[in-house]
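In order, the protein sequence lines correspond to chains A and B.
Reminder that position 217 of the first sequence reads as 217 in this note's numbering, one-by-one numbering, no gaps.
Reminder that position 522 of the second sequence reads as 522 in this note's numbering, one-by-one numbering, no gaps.
Calculated from the structure, these hints are not laboratory results.
It is possible that part of the hints are untrue.
Claimed, not checked - Cβ-Cβ distance ranges computed for the label pairs, FRET-style:
1) A:H225 x B:L415: 32 to 38 Å
2) A:N139 x B:Q174: 53 to 59 Å
3) A:S45 x B:G402: 28 to 34 Å
4) B:G332 x A:G91: 55 to 61 Å
5) B:G317 x A:E157: 42 to 48 Å
Claimed, not checked - According to the in silico footprint, chain A covers these stretches of chain B (three or more CB under 8 Å from chain A):
6) 321-327
7) 400-410
Ideal Cβ placement from N, Cα and C applies to all residues, glycine included.
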Amino acid sequence: MAGNVSVGASLNPHPSAAAVMEAPMVEIDRLSLWYGDKQALRDVSMSIPKQRVTAYIGPSGCGKTTLLRCLNRLNDLVEGVRVTGTVRIGGADIYDPALDVTELRKRVGMVFQKSNPFPKSIFENVAYGPRILGVRNRNDLEGIVERSLRAAALWDEVQDRLGDSALGLSGGQQQRLCIARAIAVEPDVLLMDEPCSALDPIATAKIEELMLELKTSYTIVIVTHNMQQAARCSDYTGFMLLGELVEVGVTRELFTSPRDKRTEDYITGRFG
Amino acid sequence: MKRFWGTGEPYIWLTGSAVALALLMVAGLVGLILSSGLGFFWPREVVRLTLADGNVMTGQIDQREQIPARPGQYRVKLKVANRDLYGADFQWVEEAKIAGRESPPDAVVVERTEWGLLIGTIKAVRDRGKDVATGPEAGRAELLRRLPDAVRARGEIRKLGKNDIGGINDAQEQARLRLRRLELRGVTAGPEVDAITRELATLQARYRELEVRVGELRKRETASVVVAADDGKEKDLPLAQVVDAYFPNAMGWAAKAGFYAARVWEFVSDEPRESNTEGGVFPAIFGTVMMVLIMSVVVTPLGVLAAFYLREYARQGTFVSAVRIAVNNLAGVPSIVFGVFGVGFFIYFVGGTIDRWFYPEALPTPTYGTGGILWASLTLALLTVPVVIVATEEGLAAIPGGMREASLALGATKLETTVRVVLPAVMPSILTGLILAMARAAGEVAPLMITGVVKLAPSLPMDGVWPFVHLDRKFMHLGFHIFDVGFQSPNVDAARPMVFATTLLLLVIVVLLNLFAIGLRNRLRRKSAMSAV
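All chains, full assembly: derive it from the sequences and hints.
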């Protein structure tokens, strides 16, 4: 597995320090989360740098997705969930009781594992977020839709059929539409929960390419099962196991010289 | 043998034959209704039977059957009509006793406003007691010449009576109620009272004028037609009572088809005559459709809101499960129970309260405190609300949770998500529920009988008199009409074909209402390209 990653000399002996050195967008501090009696996150602390791709890898059920969903508080919807610790995005504590959670979610976009376009037209899917924000002018909406679809590398494929149902698109197109929909409201952070798990390699390559482009404007946090994917397109990678953030660092270093034995076991395929 | 059972083939046959049986029953049902209902309007030939004992019977053959306990011998049921002359519409004739059979080309069938059909031959047409034409040939020409005028005059009289005089009656009633309202306030004299009294006097004068005009119109029709029936009996029928006259034995195929179409049109567009056994059923169609529409308007929001609460907002647990079971069971409660509830709650309690608060001047005559189309519709809405709830809930359950999360993750509130994403996606399911609800409501009779349906409603629940929609009015309904015509009319035998025709019409209306809703659903589905949920 690690063979795919180019082996280079480690410039920094403490990879996790690098994450801290860049300007942080999201700061997670001793975050723990319980679903009822079951603890899903244990004392997770790290910072996610601005305009970088940060990936989380780990075996199924290790809490990657839960951590991701903490960042836009989508876990609030689950009954019996309990959270301790703090998460700051852009300096503001998002678990502050005074915070309007819809405002938070407008700033933190999300792309889901299973593409979930609304049963509406392509145009209406992308325009959904701006409309929620109160954009009513048709020209403005058209501008936003075009810009978002271009940014999601979908414009050329759908520009002639914006009025068609989004459900008629292929799986890869649907997922890019979901990305366009998420970035139409220009969030600060884009969360991606295994966005390519249901896609074929060509569609996956397109999305990965897209991530590299998008990171010039957005902070991207991605959860993936696929270690090559994390190696290919992320700047920083965190390895999670049983709700614990075992190790986090510059991607290349984490894959070539993991400091923790458990990380090494996982990336070399000894378990998981 | 064991292998035969092992293949599973017999089970396929078993399930297949169950479907076949069901299809057969549906086909039989529709076929029976079609054959019995469609034949009603066909102008059947008039036969003249000469019996062995010399008697002559003229009429239309209605049916033929084997005489009970005498195999090989048949009898026919002859519709001799002329109820006023013979006392009965039908006669059984044993075929063995028939000596001769002919179909006289000059036989006439007269539809009239009273006493059912008149069958015989024209003897003369009279005007002011003097014969103006005698004999079948001349009589026929004269009758057909005079008939259009007579029909037009009767239409005019009816229109005057219904619209103009009806309008004056309404206005008088309103004025009287205003007077009574003043009286309740303690005002018994003064300019207001005088104004109303003057208005009443004007109305009374106009009423007399119209009455005189109607009288003149009636007097103008002086002609009558003399029809000779069997046994030398005769009927001198004023032309004012003739609705239509035709000569079935002289009609060609095309003429019969034209006559058929006209009769079908009359059936769906005209008002009933002769305690519903003749004429059309338009008021019943109108009442049925309007009642179903009002019910739909009420039941849809109610059912959808309830389903949304149960599925989207309520915390899933024992209580919600119990509510759900209760709602499902509500769909199985006998409909008459809902009718009784409608009477007790809507009519006596709600209607009575409305009367006390808003219509005290009319008391003790109830306005809303009696059966009416509004209460009937509300009762049926209650009856069908479980159907809508269940269908909507199933639709909501079929919407992937990811869709709601996607909307929430974009910063939409729960309400925005529900209105903009969930509601459009669940619309086809809502319409499915509505289709089922409408089908059930259109066919329901028992609860309607006690909440506002009547045998004969003097006016439609919607007309040109302000406020145009009269939700307090009683109405007619096809389902009840079937029951009434078939089993409550004075002449059940003569009305039986009407029962089938009305049943057919009810089926057609239910199918049409359903097709409309299905079309709407398919449009929505195409628009949202949702898979069937």
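Taking the hints in turn, this is what the structure says about them:
1. For the pair H225 (chain A) and L415 (chain B), the beta carbons lie near 35 Å from each other, so the given range of 32 to 38 Å is met.
2. Between N139 (chain A) and Q174 (chain B) the CB atoms are about 55 Å apart, so this pair conforms to the stated range of 53 to 59 Å.
3. A hinted range of 28 to 34 Å holds for the C-beta pair S45 (chain A) and G402 (chain B), which are about 30 Å apart.
4. Distance hint check: the CB atoms of G332 (chain B) and G91 (chain A) are about 60 Å apart, consistent with the given range 55 to 61 Å.
5. Between G317 (chain B) and E157 (chain A) the beta carbons are some 46 Å apart, a value that agrees with the proposed interval 42 to 48 Å.
6. For the segment 321-327 of chain B, the stated coverage by chain A is not satisfied: 0 residues place a CB nearer than 8 Å to a CB of that chain, which falls below the threshold of 3.
7. For the segment 400-410 of chain B, the stated coverage by chain A is satisfied: 9 residues place a CB nearer than 8 Å to a CB of that chain, which reaches the threshold of 3.
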